[in-house]
Amino acid sequence: MSATEHATCLAIAAARAAADKKAEHLAAIDVSERLGLTDVFLLASGANDRHVHAIVDAVDEAMHRAGAKRRTREGFADAHWVLVDYGDVVVHVLQNEDREFYSLERLWKDCPAIELPADLAHGGSRDGDSLGGRETTAS
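Read in order, the letters of the sequence shown are residues 1 to 139 in my numbering.
No wet-lab data here; the hints were simulated from the structure. Since this is a predicted model, take the numbers as computed values, not measurements. Note that beta-carbon positions come from the ideal geometry of N, C-alpha and C, so glycine has one too. Please note that the accuracy of each hint is not assured.
As the list claims (entries may be wrong) - Below, simulated EDC-like cross-link-like pairs (lysine to aspartate or glutamate); rule was C-alpha separation at most 20 angstroms, straight line:
no., residue 1, residue 2
1, Lys21, Asp119
2, Lys21, Asp57
3, Lys22, Glu97
4, Lys21, Asp60
5, Lys69, Asp57
Claimed, not checked - Distance ranges between label pairs, derived from CB positions:
no., residue 1, residue 2, range
6, Asn48, Ser2, 14 to 22 angstroms
7, Ser103, Asn48, 15 to 23 angstroms
8, Asn48, Thr4, 31 to 39 angstroms
9, His64, Asp110, 26 to 34 angstroms
10, Lys109, His64, 25 to 33 angstroms
11, Ala77, Glu33, 19 to 27 angstroms
12, Pro112, Asp49, 17 to 25 angstroms
13, Asp49, Asp110, 13 to 21 angstroms
Let the sequences and hints guide you as you build the complete structure.
In structure tokens:
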């Protein structure tokens, strides 16, 4: 079993909204075979709490327009790691330092990456592999 086409399309819509707010280190991971709760994790990084808030708000708006209903949102007040659950897609927006510390890409390294469109490639790993090499963009 792999992520549904619907979940993949939602993840790309969320990634596009995040990229529009200059999110960094965008990565989509197909967790459908490991988790029964969701198909895709979308990971994004922001520079500070305001940046994380802007990214989350933009993603929320895009997902609403796409017909996805937000089930829950955690961590918005502190804005170090915000998790937003849309059912088929769970969006994680972390500040850069928290993203490196928690290293979600390493935790889910056995799950396949979902290729994101090349135009969503904003920034990259600062040291080339600090985020586990999981950033996924088209060639």
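Going through the hints against the structure:
no.: 1; hint: Lys21 <-> Asp119; verdict: holds, 13 angstroms
no.: 2; hint: Lys21 <-> Asp57; verdict: holds, 10 angstroms
no.: 3; hint: Lys22 <-> Glu97; verdict: holds, 16 angstroms
no.: 4; hint: Lys21 <-> Asp60; verdict: holds, 12 angstroms
no.: 5; hint: Lys69 <-> Asp57; verdict: holds, 14 angstroms
no.: 6; hint: Asn48 <-> Ser2: 14 to 22 angstroms; verdict: violated, 35 angstroms
no.: 7; hint: Ser103 <-> Asn48: 15 to 23 angstroms; verdict: holds, 20 angstroms
no.: 8; hint: Asn48 <-> Thr4: 31 to 39 angstroms; verdict: holds, 34 angstroms
no.: 9; hint: His64 <-> Asp110: 26 to 34 angstroms; verdict: holds, 32 angstroms
no.: 10; hint: Lys109 <-> His64: 25 to 33 angstroms; verdict: holds, 32 angstroms
no.: 11; hint: Ala77 <-> Glu33: 19 to 27 angstroms; verdict: violated, 33 angstroms
no.: 12; hint: Pro112 <-> Asp49: 17 to 25 angstroms; verdict: violated, 32 angstroms
no.: 13; hint: Asp49 <-> Asp110: 13 to 21 angstroms; verdict: violated, 32 angstroms
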